[in-house]
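Colleague: Could you build all of it, start to finish, from the sequences and the hints given here?
Here the protein sequences line up with chains A, B, C, D and E, keeping their order. For the first sequence, counting from 1, position 258 maps to 248 in our numbering; every step adds exactly one. For our numbering, count along the second sequence from 1 and bump the result up by 106. For our numbering, count along the third sequence from 1 and bump the result up by 77. For our numbering, count along the fourth sequence from 1 and bump the result up by 55. For our numbering, count along the fifth sequence from 1 and bump the result up by 51.
So these bits of chain E aren't anywhere near chain C, every CB distance computed over 12 Å:
no. : residue
1   : L63
2   : G372
3   : S490
Quick list of in silico lysine-lysine cross-link-like pairs, DSBU-like style, CA-CA up to 35 Å:
no. : chain 1 : residue 1 : chain 2 : residue 2
4   : A       : K454      : A       : K367
5   : E       : K489      : E       : K199
6   : C       : K294      : E       : K489
7   : A       : K454      : A       : K102
8   : B       : K227      : D       : K114
9   : B       : K112      : D       : K84
10  : A       : K102      : E       : K489
11  : D       : K114      : A       : K367
12  : D       : K340      : A       : K588
13  : A       : K368      : A       : K454
14  : A       : K368      : A       : K102
15  : A       : K617      : C       : K294
16  : D       : K114      : A       : K368
17  : A       : K454      : A       : K588
18  : D       : K340      : D       : K114
19  : D       : K84       : D       : K340
20  : D       : K340      : B       : K112
21  : A       : K617      : A       : K588
22  : D       : K114      : A       : K454
23  : A       : K599      : A       : K588
24  : E       : K199      : C       : K294
Keep in mind the hints are simulated off the structure, nothing from the lab. All C-beta atoms, glycine included, are put in the ideal place defined by N, C-alpha and C.
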Amino acid sequence: MTLMGTLVTGAIVCYLAGALAALLGNDRWGRILGAWGAASGAAISLSLGMVALASGSVFSAVFDFPSLTGFALRIDGLSAPFLILTGLVGAASSVYGAGYSAAYTGVYSLRKLGALFNLLLLTLTLQVMADNALTFLLLWEAMSLVAYLLVLTEHREPATVRAANWYLAITHVGFAALLAMFFLLSAGDLSTAFDTLRANAPVPTQRNAIFILALLGFSAKAGLIPLHVWLPMAHPVAPSHVSALLSGVVIKMGVYGFCRIVLDLMSGGPAWWGGLALALGVASALFGVLYALMEHDLKRLLAYHSVENIGIIFIGIGAGLMFQSYGLMSLAALGFVAALYHTINHACFKGLLFLGAGSVLHATHTRNMEEMGGLIKKMPRTALMFLIGAASISALPPLNGFASEWLIFQTLLGGSHIPEPAVALMIPIAVALLALSGGLAMACFVKAFGITFLAIARSPAAEKAHEAPLSMQAGMGILGLACIGLGLTPFFVVPVLGRALAGLDRLAWETTVFSLTLPLNTPATFGSMSSPLLAAGLLILLGLIPLALWVIGANRRTRVGDTWGCGRIAQTPRMQYTATAFAEPLRRVFAELYRPTKDLSIDFHPESKYFVQSIEYQSEIHPWFEKLLYQPLIGIFHRIADRVRWIQAGWLGLYLTYMLVGLIALLVLAWWTP
Amino acid sequence: MRLFSKILSVGIVTEPLDNGGEEVELARQVAAKTQKLLGRAVGIREVDAGSCNGCEIEITGLTSPIYDLERFGLCFVASPRHADMLLVTGPVTRNMEVPLRKTYEATPDPKLVVAVGDCAKTCGVFQGSYAVVGSVDAVIPVDVFVHGCPPEPSDILRGILAALDRLPPK
Amino acid sequence: MSSLFSQLAVLGSSLTLIFALMLLWHRSVDAYTTAFAWQSVVLAGIVAVVAYFERDPELYFVAAMLLLLKGWLIPRLLRRMEGPFGAEQELQPYVNTATSLLISGLLVLFAYAVCRPLVALSHLPTRAGMPLALGLIFVSLFVIASRKKALTQVIGFLMLENGIALLAVLGTYGIPLVVEIGVFLDLLLGFMVMQLFVYRIHETFESLDVEQLGRLKH
Amino acid sequence: MSAWFVEIFQVVFVVALAPGLVGLIRWIKARLQSRLGAPPGQPYRELGKLFHKEAVVSKNASWIFRFAPYAVSASTLAIAFLVPVLVVPRRLDMVGDLFVVVYLLLLGTFWLALAGLDPGSAFGGMGSSREVTVAALAEPTTATAIFSLALGAGSTNLGAIVAAALNDPWTVLTPGHLLAFAALFIVAIAETGRLPVDNPSTHLELTMIHEAMILEYSGRYLALLEWAAWLKLFVFLSLLANLFFPWGIATTLTPGALSWAIVTLLVKLALLAVVIAVMETRVAKLRLFRVPELLTASFVLALLAITSSFLLR
Amino acid sequence: MIFVLLLLTPLLAAATAALVRPYRLWVGWVTTVLSFAPLGAALWLSARVLEGEVLTWGPGEFLRADALSALLALCVSFVAALAAWLGPGLAVEDGYDAAERRSYRVFSNLFAFTMLLAVTAHNVGVMWVAVEATTITSAMLVPLHVTKASVEASWKYILIGSVGIALAFVGTVLAYFDFVNLAGEQASALNWTSLLASAPSLHREVLKLAFVFILIGYGTKAGLAPMHTWLPDAHSESPSALSAMMSGVLLAVAIYAIVRWKIVVDAAVGPAFTDRLLIALSLLSLTIAAFSLLGQRNYKRMLAYSSIEHTGLTCLGLALGPLGVFAAMLHMVNHSVTKSMMFLLAGRIQQRYRSTEIVEVPGLIRTMPVTAGCFAAGMFAIAGLPPFGLFISEFALVRAGFTAGRAWLMGAVLALLVVAFIALVTHLNRMLYGTPPKSTSVGEHTPWALAPIGLCVVILVILGLALPAPVSRLLNKVVEIAAP
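Modeller: This is the structure in structure tokens:
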């Protein structure tokens, strides 16, 4: 057996053993052994991806099960990055989960949780290896189902069940689309190997249908607007290490599938494919962050940011597709590489943030930011990790979010090479909106970190918070290091990803050279950036400033006093700026979009209206898509359902009339049918 | 455009230094002192501890083009954290006792306190009122009192000078 | 000879159809039972005529069965049921008499249209009655659908069965005996069960109005 | 002359002159207000004083509060390294382009906003909230303006853009370029907290943006933050000056070219200082919720810039 | 021998139950044990059929069993055994009195007998008689407990069922008419093999007419829209064991009849005609079922509508060529197992909560964890999720559609399936989670009764993961018959 074969087997064995251990073990050992199984399996997945990337070799195997002939697996350059991110986030969240899930002991089933967690990782690992449609679809459905059950972990909360319903509904819509897509693609025979499909060329109309279906199906999983609604519902209610996996890896499978179909199996299409993906990406990026800003549930906020980042990834892919259709291969490659890079990065920092949010939840038992505050003193390591994640997701240099977003900007700038006026207008708008969403993301994470961790505790729960146990810290640590590492090494990551993509058979950019020089020289040579030098420079400057202060003999005395509040008697938590207040200016700015409902009720003293007893201010945002798209849609369906209910009116004569009419109708139909 | 023509026609109205007069003399001394002691940059935080606002009107006069406090490197700041000197007016009322103390505590060392107006020293007509704690120095250490009800801007400048004088050499 | 046979068949078929139409303008269950009994007698007559012309002893047997079962036994049972529910009348059917008749006419026309290939295919002298038989089936179906009393529906159903038997006799001179016996048995059992349920409905709802059977919806 | 020496010299030059520029603006403003005003050197004195005072830190604040001044000044200094002030092309061009500069600015804003929230004071939170709002809304304009400049130069590298403008001076007068200048100028105003977006000399907490965030700082921390803010202004203005009016910037490392570059830069900055001072005298501060309108206007300008760049290319 | 076991044991059981008065519990057990004889016979039959035999019996080959019959016999006898095992009459606390128990034991066995006769009769006339008899025998059981609702349901059932089946007889007569006109009168004329043999020479127009009547007629029993209206009422109001039999196999038997006729008509007219009719009716069924599921408030009715949906799917499969027939037959088998299991579980739930309203049975997972687990598995199965058999058969069905080039049709079907899926899962979650009413006791009361249910789940999973070779061979033989 080859090295990769051994690794694949090893990973499967580890996951299954972990699942078994979780099922059979008692609360404590099942939890720990299950986590070990998951972590070691994830580590093997990670190394599998690395081996695949490093060696450039392709692993391929076909298994025959009694009913399912041709369960085909294959690892190529496109699978490898996803294996790596699965492994990274998987390992971190398993380690984290070992500690985190202890809180469920005696409340919810740990066995189910542990076993399903292992199974989810298993399906995720195998998903990117699927080499025919049947394998792909089976794993896809298995993954969705396992994820669904994991979302349902805390099933006693009504919100959880509601979220799970939404998730399953949307993912099933996606699955139906994918089923149709694969049937069209493979002309009915789902067990055709992907290699054969690459060689086939469907007719253009069918290609377009396939593309639309693929976009629909995969964006449902990825959480692209308008199919994103399940994300902010399902991610918060799942256990945090599962949320990390959901947001870090599961939704990335949508990206993977889209890439697999559109880049690999049906390489090349008309420009509007790219344009559509780009437009959806831009919309997702903007709306995602806008709704995140208004969110005070820490995990919901993070979930909306997943929508944003998936949008950014699709901007990269869309731009790449557009360039591809105009024959600008090196720019296309740049776009795809940027998208893949951002995919990995997002997995790392969003995983990290969800784990951090989980630690906060673990310590305070609330997800509401307005009840947090001051946690940086109680849980300094978690705070540091969350800060790293927040800085990464805000694309602050020199962390990893910046590296990939910079690449995406560079890709978009390449749009100037396309002489179409439509593109000429589209690209700058995309640049502008991407930049806007970047700025808003920064604002949002200042809020998320600042309100959660800084200042003084806003509730007794936050006052009693405690640092997370070591295993949880370790889980966060892994991803924190990954964020820093990926941020500092674009000069290494980008060529590797480029080579991985160049390995795909149908892509015509083998000739593209991704140089391995220290600064990140992009192939289009639009701009240059070197994050290691930048990081080094920042570090040196950080050291130099205190030195300079010492040289000029600055006063080093520091006195600790009260916070200045215009001389008020004492500071109470209620005097602090709240998350709502923090986001208020932006809400006013985007009021047209949010259309907030305001409810101000003032209770006056019964004797005089100059004495106010209490003021209550309530303001709610109804997400636009839910209000304008889903509610009417659901309304239509329910209206149809109501109409259909009247078919069964309980009236026997009517029923018999149906028969008579049905008979006559069929007789007429038979008349006309040869 | 009309604004600019107005600016041109008015010119500089700040009283020139070589014009003689008490204020200018004082100002010159202040300039010298501040330069020596606080690098000729002093942030002033004004605290109204319960005054009738007469003093405030005069203090505001200091920032007008005529007196133009800024030319000496003095300026009013928005936070005691940024301040080097507190300018306290009025008798200290009960409600302002703690805030005054807090403001004093919030100001980083080295710092000065100038109490402006008669009320700050004697509580003036408010003396004995149930709402009044007492003079400013009953609450925080005061470096210099400026008399007058209200004192003229020049008096205030004099007070500032006196205070700067008391600042211990660093 | 053959034309007489054909005449008789068509005459009989028309008569059965007219008896079915009687259900649409009469209101009392008693009249319905009578109509059904006479219809069955006519049907037995047709079978006997066919048996006579075709010299088929099996069909004599069928005719006898028909006469016994549908001409005598079932009407008797029906009359016995009228005792307890005699007052139940078809006062307000879903569709009024005039419209009912109009619709029936249309249905018979439709039956003619549908039967064109049948008539074209067959060379039996009885073929001209087939559209009427099919019409009878349609009209019976319409009766069941548009009437409100459980008893009326039972009679409508029995007429539907008559229509089928008529169709079989006219088209093919009867179906194989095994099947015929099975059908009779089924018919009898079916009628018994329906009768049982009519009693049950009356017990449970104290009325035979099927409009009351409206609680199971959606 | 060693290239690396020039890099260091540039930073020292920028750091040293930054307070002076602010002093100059203040002085001109004072004159326009018919006042004598403080001499242009006043900011140096303020810095000196602050460095020698003690620092008072809120007991609620965490390490974020103490670290932020260093982070802010480090990121601003890094920008000072990256922006071409005196010479093009430079060694450090490869470290970062215009996007890097923009995101370094965001980095500074990020830390400062966190520091504003840290002591738990209502003013700080208010300032942070407003600061990030303005920063976020300025982003699209910046990116679009950069795009339009990059279109002309074929690169987002600052050195390349300036060099391109030098090679073909007439591009500076194209509508795309002029519109982009206007857009970036508004952004610069917003980013550096000048009127009409923010009033640097306000004493009213409720109208503050930048000041509110640093209300809690004192002593050396305040000095660092003030210096960083002034540095930002200086860098922004010299960037504007060099991107749009590159004449005079040195293309060789000869002392003569350098001195000429210094002179021209100072002249350009002085002109810009006059412009800013005049403008600040002329306009009143906008209500906070009208700031987005201004920024939208700048965004539209930038979009027009890019469109005309596309069409006239 | 096989036929004796298959057909006479149910009759024997019915006779035992009818003759022993008063009713004793041992009678129930005897009939239960006897109900396994047909199952054994069906297995034996299937084994023989797999070897390529076609079994016949009686004068004029009165009974005849090919692969299609064997498959149906297997389903019927399995579900009948299940219903005997879990139906009323075995335990003291099942909530029925002696007369009701006897009635159940008598008529359920007669019901099984009529269904087995229907699928083994050679003569399509006899088949019709048997199917008509199923209506009578099962209608007797619907109001086992006489309530207004159950009487209403049974009246609707019997009237609609009888009328429908009468129309099927019209079809049979028309086909016979066609045959007689071409080949003359003969005793074996209605034998299926003779019909099939002479089909190519039959008159097309008449056969088309006949098929319309047959489709409407048997379609009524199968629950195809718009003749499905009796189905939700009867399924929801009858005792669960009977619902299991009706939904599990009665529908399948009706589909069997349609398949038999479709083979003949296809041989004469070509498949395009029957396909079109089937597609029209099944699409209508799917639509009505999917949207009815969405607004459903009663879980037994929900299961009934799901049966309509699956009947629609099965009939759709019949119209999609050999691949589709394979999928349809597999779907039918899967549905038999699943739906009978589901109705039995629904009966357990109803017994515990005393309600069939979805909103009144929250917290199932806490009150009856095992039942809830099986119920959830079954719901996932009927919603079409892996790893259950229905997923594979639906998958195969969609595949058949795409292979047959009916992409748009399949698109519509997929969309409707999604609607049904969402409805089912939402309802399921409403039942599983939440807080159960205070009065509801917690714990599995009769755990032994879950053994057969567990068996069903296992069978479903096996059918979903690895279609056993004998099953697939049997199905292939069916396809050879049904779509030559």
